[in-house]
Amino acid sequence: MQEPALIPHLFRTEYRKVIAVLCKRFGFDQIEIAEDIASDTFLSAALNWGIQGIPENPVAWLYTVAKNKAKNYLQRKATFTNKVLPESSMQANTITQPDYEIDLSPQNINDSQLQMMFAICHPAIPPEAQIGLSLRILCGFGIEEIADAFLTNKETINKRLFRAKEKLREEKIPIEIPAPEALDNRLASVLTTIYLLFSEGYYSISNNKVLRKELCMEAMRLCYMLVENKHTNKPPVNALLSLMCFHASRFAARIDKNGEYVLYDDQDTSLWDPDLISKGAYYLHLSASGDQLTKYHLEAAIAYWNTQKGDTPEKWENILQLYNRLLQIEYSPMAALNRTFALSKANSKQEAIIEAEKLQLSNNHFYFTLLGELYTGIDNRKAKQHFEKALHLAKTITDKQTIQKKINRLG
Amino acid sequence: MDEYILIFRHEDGNKIASPEQMQIWMNQTMEWIGGISAKGKFVSGIGLPFEGSKVVWSHGVVTDGPFGEIKETIGGYITVKADSFDEAVEFAKGCPVLQGEGNSVEVRKIDKHG
Chain Z
5 MQEPALIPHL FRTEYRKVIA VLCKRFGFDQ IEIAEDIASD TFLSAALNWG IQGIPENPVA
65 WLYTVAKNKA KNYLQRKATF TNKVLPESSM QANTITQPDY EIDLSPQNIN DSQLQMMFAI
125 CHPAIPPEAQ IGLSLRILCG FGIEEIADAF LTNKETINKR LFRAKEKLRE EKIPIEIPAP
185 EALDNRLASV LTTIYLLFSE GYYSISNNKV LRKELCMEAM RLCYMLVENK HTNKPPVNAL
245 LSLMCFHASR FAARIDKNGE YVLYDDQDTS LWDPDLISKG AYYLHLSASG DQLTKYHLEA
305 AIAYWNTQKG DTPEKWENIL QLYNRLLQIE YSPMAALNRT FALSKANSKQ EAIIEAEKLQ
365 LSNNHFYFTL LGELYTGIDN RKAKQHFEKA LHLAKTITDK QTIQKKINRL G
Chain X
26 MDEYILIFRH EDGNKIASPE QMQIWMNQTM EWIGGISAKG KFVSGIGLPF EGSKVVWSHG
86 VVTDGPFGEI KETIGGYITV KADSFDEAVE FAKGCPVLQG EGNSVEVRKI DKHG
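From first to last, the protein sequence lines are chains Z and X.
The numbering used here applies: residue 5 is where the first sequence begins, and numbers increase by one.
The numbering used here applies: residue 26 is where the second sequence begins, and numbers increase by one.
Among the hints, erroneous ones may be present.
Unchecked claim - Computed list of lysine to aspartate or glutamate pairs in EDC-like fashion (alpha-carbon distance at most 20 Å, straight line): (1) 213/Z - 45/X; (2) 217/Z - 170/Z; (3) 79/X - 377/Z; (4) 353/Z - 321/Z; (5) 404/Z - 260/Z; (6) 79/X - 260/Z; (7) 66/X - 131/X; (8) 388/Z - 361/Z; (9) 137/X - 112/X; (10) 393/Z - 359/Z; (11) 158/Z - 170/Z; (12) 217/Z - 45/X; (13) 169/Z - 218/Z; (14) 404/Z - 377/Z; (15) 79/X - 359/Z; (16) 349/Z - 321/Z; (17) 158/Z - 45/X; (18) 234/Z - 185/Z.
Honestly, the hints are just simulated from the structure, not real lab data.
These figures come from a predicted structure and were not determined experimentally.
Between the sequences and the hints, there should be enough to build the whole structure, so can you do that?
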């Protein structure tokens with residue numbers, strides 16, 4: 005029989021290309037029509053290929069059908085406009101024949117996708133909506149998959165996407181690569197969205213392992229598109245790609261057969277992907293130009309050190325310094341906790357305990373997990389108390405299991 | 026044995042289907058046609074991708090179509106051989122197009138004299 009998942013595969017790779025080109029051509033005013041045409045093309049494929057068999061070049065078939073559908077739409081719209089505005093049809097003779105052709109060349113597909121990326125990640129669009137739209141329009145995810153990734157239902161996602169599209173129209177966001185003077189700022193919000201998309205996959209509590217990995221891969225793909233374009237290939241973009249490569253290299257090692265998280269210290273290093281590690285190093289190297297030091301640079305450098313398994317003083321001293329700088333650029337509770345952990349490794353647990361107790365992140369289970377870790381071997385009774393507080397605060401089963409294991413180890 | 030044409034009519038209205046669902050429809054269509062072919066009764070089939078279509082009216086009027094004016098569109102057809110109308114109808118009943126609300130399959134006997 006035929007390849008069982010041909011249509012989902014093509015949908016994933018081609019839908020986003022068709023939609024980007026059509027959106028660029030029609031504008032956000034008619035984004036729903038662009039979506040309908042793209043979806044309809046695949047419906048036509050399902051029926052036609054079912055009857056007549058799969059064509060020799062399915063992608064070319066899809067492009068031809070999408071082009072024709074779009075052309076039909078443009079022609080109908082023009083006819084309608086001429087009927088409504090008869091005086092303009094009087095002038096029609098003097099105007100050159102309108103162009104209804106749709107350009108689905110690789111160059112235009114690529115340009116359109118990049119322009120869409122900037123439009124969707126416009127600062128006026130709320131971050132949650134940016135991610136939803138990115139998944140739908142830039143990554144070609146189904147509504148169901150998006151709902152699955154956010155652990156919600158299709159209705160919620162549909163509503164969210166609907167509002168996001170309204171916003172794109174209200175704000176009259178242009179579909180273009182921003183002018184050079186605005187590029188760095190706009191690029192920053194594109195990178196934020198890509199980073200969120202990656203984190204959504206990497207740290208998501210969704211049980212769908214395959215889907216989570218795909219979210220990460222999509223984030224990397226979008227970032228790679230930015231690296232490939234000469235206007236957007238900037239040091240922070242390389243830094244972010246490097247960071248994601250390093251993290252992704254541990255995919256296979258960080259989740260075990262039962263879907264449970266494997267802590268860094270317990271990971272089987274033979275499962276780390278050396279290819280991704282060397283790609284990470286490559287982009288980290290490329291990111292080290294210009295005078296901008298972003299959080300991606302620092303996080304990528306930290307991630308690099310984390311690919312070095314051994315506990316050398318050099319490693320932890322470097323990680324500690326990187327966290328110190330990261331916290332200056334952007335404070336986050338997680339970074340503060342990680343910095344304290346690095347401190348315990350670089351200097352001593354006693355010193356880290358003093359620092360940790362200053363943090364007072366008393367509603368954060370990671371905080372108490374860290375305190376538990378730090379007290380382990382120093383004061384096991386206190387360690388247990390902290391772990392128990394963490395257990396009480398933890399929300400996901402995975403986190404609870406991880407903490408329970410630590411308690412069990414105390415004996 | 027007579028030939029019959031089975032015409033698929035789709036209720037207009039873009040129902041969003043997941044790619045996985047589309048894949049299932051495609052496979053079901055292939056299996057359905059495969060089943061008819063296995064009996065040696067499949068003649069031909071054509072899918073109509075709804076693209077580049079025109080409607081020619083009396084008095085030489087040509088419109089883009091068949092959109093807007095008509096609520097249903099023809100998605101394709103197959104022709105089969107059958108011993109009776111009933112057998113042709115049985116074939117039609119298995120058509121996956123019928124899973125869509127409002128869709129139908131029209132069965133017509135092909136006149137073959139001459």
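Which of the numbered hints above does this structure break? The structure conflicts with hints 2, 3, 6, 13 and 15, although it agrees with all the remaining ones.
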